[in-house]
Amino acid sequence: MSPGDELERQPLTDPDAHPTKERPLSIMVKVSIALICTVFALGVCLPSLAATPSAAITTKAGTAVYTAPLAFPTDKFKSMYWTPQRQEGEPQPVIPDLNGGDFADELNDPNKLPEAPPASEAAMPSPTGKRPGSRTQLYNDTIKNISAIIEDASMSACDRCVAAVKAGQHVARVEPEIVPDIMTDLCIKYKYITKPSVDIGCKKTFLPQVLGGSYTQVLSYAVFDGDSKDAEYICSLKLGKCPVPRMDVLTDDFLNTWFNGQRDEPENVTSRSPKTGEKSDKNLRALHLSDIHVDARYVVGSEGDCDSGQCCRADSFNTTLWNQPTFAPGTLPKENISHPASYWGYYHCDPSWALVAATMQAVESVAGKDGFDFGVFTGDIATHDAHWHLSRDLVRYSEQAVMDVVKSAIADAPMVIALGNHDSAPTDLAAPHSLPDGNGNQLSWDWDYVAKALSHEGWVNETVAEVVRTHYGGYSVSPRAGLRAIAINTDFWYNGNVLNYINTSNPDMSGMLRWLTDELQAAEDAHERVWIVGHVLSGWNGRNSFPNPSNLFSHIVTRYRSTIAHIFFGHTHEDEFQLFYHTRDGNSTDVSRKTKDVVAHAFIGPSVTPSNNVNPSFRVYSVDPETYEVLDYDQYYTPLNVNEKLSDSSHGPVWHKLYSAREVYANLTAISNANAYSGQVELDNGWWPKDAPLNATFWASVTDEMEKRTELITLQQTLQGRNSIRSPPCTTDECFQAKVCYMRSSTSELGRSCPGNGAFGSVQS
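For reference, each letter of the sequence shown is one residue, going 170 to 934 in the numbering used here.
To be clear, the hints were calculated from the coordinates, so they are not data collected in a lab.
Glycine included, each C-beta is placed from N, C-alpha and C at the ideal position.
Treat the hints loosely; a few may be bogus.
Stated by the list, open to error - For each label pair, taking beta carbons as the anchor points, the in silico distance ranges come out as:
#: 1; residue 1: Gly537; residue 2: Asp754; range: 46 to 56 Å
#: 2; residue 1: Asp766; residue 2: Asn844; range: 12 to 22 Å
#: 3; residue 1: Pro858; residue 2: Asn756; range: 26 to 36 Å
#: 4; residue 1: Ser674; residue 2: Gly302; range: 31 to 41 Å
#: 5; residue 1: Thr363; residue 2: Arg415; range: 29 to 39 Å
#: 6; residue 1: Gly607; residue 2: Glu284; range: 24 to 34 Å
#: 7; residue 1: Val418; residue 2: Lys360; range: 38 to 48 Å
Construct all of the structure, not just a fragment, from the sequences and the given hints.
Shown next as structure tokens:
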């Protein structure tokens, strides 16, 4: 039997696909949702999880295109700290540190996980007022006051939340150094973090160098009086205790100033040819990678189905079989492990080095002798992890390691990289330059290293590297004549970035969108097409971005719609897309969502990491060399449920072509036959023409077709998780309506207006 035969017609209804016990929220998710609720104890703040999905959808495995070798490719690295004989453990390659030497082997010792990052990595605000009385008195009074707010049953949950946050601000401004300890004590008192235990979770999470420092900054710098909505945003988007404030409509004065009086595209731009590249007989090939999340601390045989922290680690455990949160890493008895982590990865874990290397080998094979012309990487390099296990060194290690292996796989092809929310320590953090006390530079160590790494790989020159350093990791390059690729740091509209809760009325606190607009204007003036490359999507189900920045971004996209060829995001780990509709009156919710009014779309690239319950994947676009518009793409994946059975095999993971976009979506006969097609491109007997690009009109028409043929939505649901045996079905009218609505949502406000309150946005469980 050939490596690919074992997949043929395999049913995707594995009896082990869905755990009998719902997997609780991980410590990282709990802390992220709880933020200042956890800090200042605002009652029960963790929302209920969606129902456990039922049986998965069956589909074919796709065509096998590459079989990875069993042996780890040691020749891709300068040397190895350790290499397994077969699959008894994960390999540890030596990764050079551009700041000097190599990253130490101890950094990723799986049995010696760090207790916390160095204390020197803390960033705290300076006091701005005089402390009343002694420090001890202030400490005790704060605990007493906030406890009284928490326990005041006469107040609504929203009012308690806002009151507690405001009470926290006073102490953060006069005595910021004691705030992390107050957070810890309140967390323990009200048991807001229970995994791996109350003491461990609370004491480690709120250390100043973990999350205590950034939370204290928010409390000190945010505005909680007057017309400010900072407190309401904290208590809604972060804590779920208040209604989400309405998006601020952009005024005519603001928009006229923003676009220098030119709010519409000039006629000479709308009428000119979209062709800016050189004519060629051959289409270009562009690679799209996203969300690799390499985990160099992955442990073969460890608990894969953990219910706290990062799974597949030496300290992972499942409380149904083990109830002792403190134990020496790596000593958990085999009989107390519910699902041992396999060498080639597991659905609840970030990828091991073995899986990352096999992915890059598949990328190199698919590239073939002609290779790729260029590529995009839409962010998230570092692993998901307990906050106290993260450090600046781990992030730098991950950035260098991943860029090195990607470079090895794509040879001389230019790669445009946008940073993700996990590419920082603490995770999710990006600080605007305008923060006081020097804290606007608290992530400069990251931007500086990324600039070095991009330059080291040959992807930017020194001039562009300086832009990377000063623009939060963002930059603009021209991978080919007539194409400008703009990488932006989307953490500045991500609602997981706690520093975004400071001055929420400003849609561009960081200046990132101002810089993007200026780059787009320069591209328009130079008659270039643009690819915008980011990480966090601006819309879909509305659960990721802030309303005000995503509203402004939608206006920017409308203004430069003829210049923008494509937009690329990642972040969700899933195969999705979203549409942008014409908006110019300051209110992106006031759009038609009709195909005739569509102006742009975004590809949302699937992840390499299988976390959580998706199959590793990458994508290759076929691109028109003159217009830089995508003509088609092929999606590749490897099925983890099969890879787990390769322990006694002579080969590694088998990679498959799952589908091509045209094969799946070009059939528009239902809307054509119903005279419901409203696109500008003439169809070919109900099919999208072979020579027409997969542009915004195409994808908008696909959503129209989905409304006529709901089986297309069901298929898209399967593709969203790349044939994962754990993807839930989409078979109800509410799910059908929600999915199409998500695709037509370019902003968080539009996404939140969709049916189901965001519940159908993900296939992960």
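Status of each hint after checking the structure:
no. : hint                        : result
1   : Gly537 / Asp754: 46 to 56 Å : holds, 48 Å
2   : Asp766 / Asn844: 12 to 22 Å : holds, 19 Å
3   : Pro858 / Asn756: 26 to 36 Å : holds, 35 Å
4   : Ser674 / Gly302: 31 to 41 Å : holds, 34 Å
5   : Thr363 / Arg415: 29 to 39 Å : holds, 35 Å
6   : Gly607 / Glu284: 24 to 34 Å : holds, 27 Å
7   : Val418 / Lys360: 38 to 48 Å : holds, 42 Å
Checked against the numbered hints given earlier, the structure satisfies every one of them.
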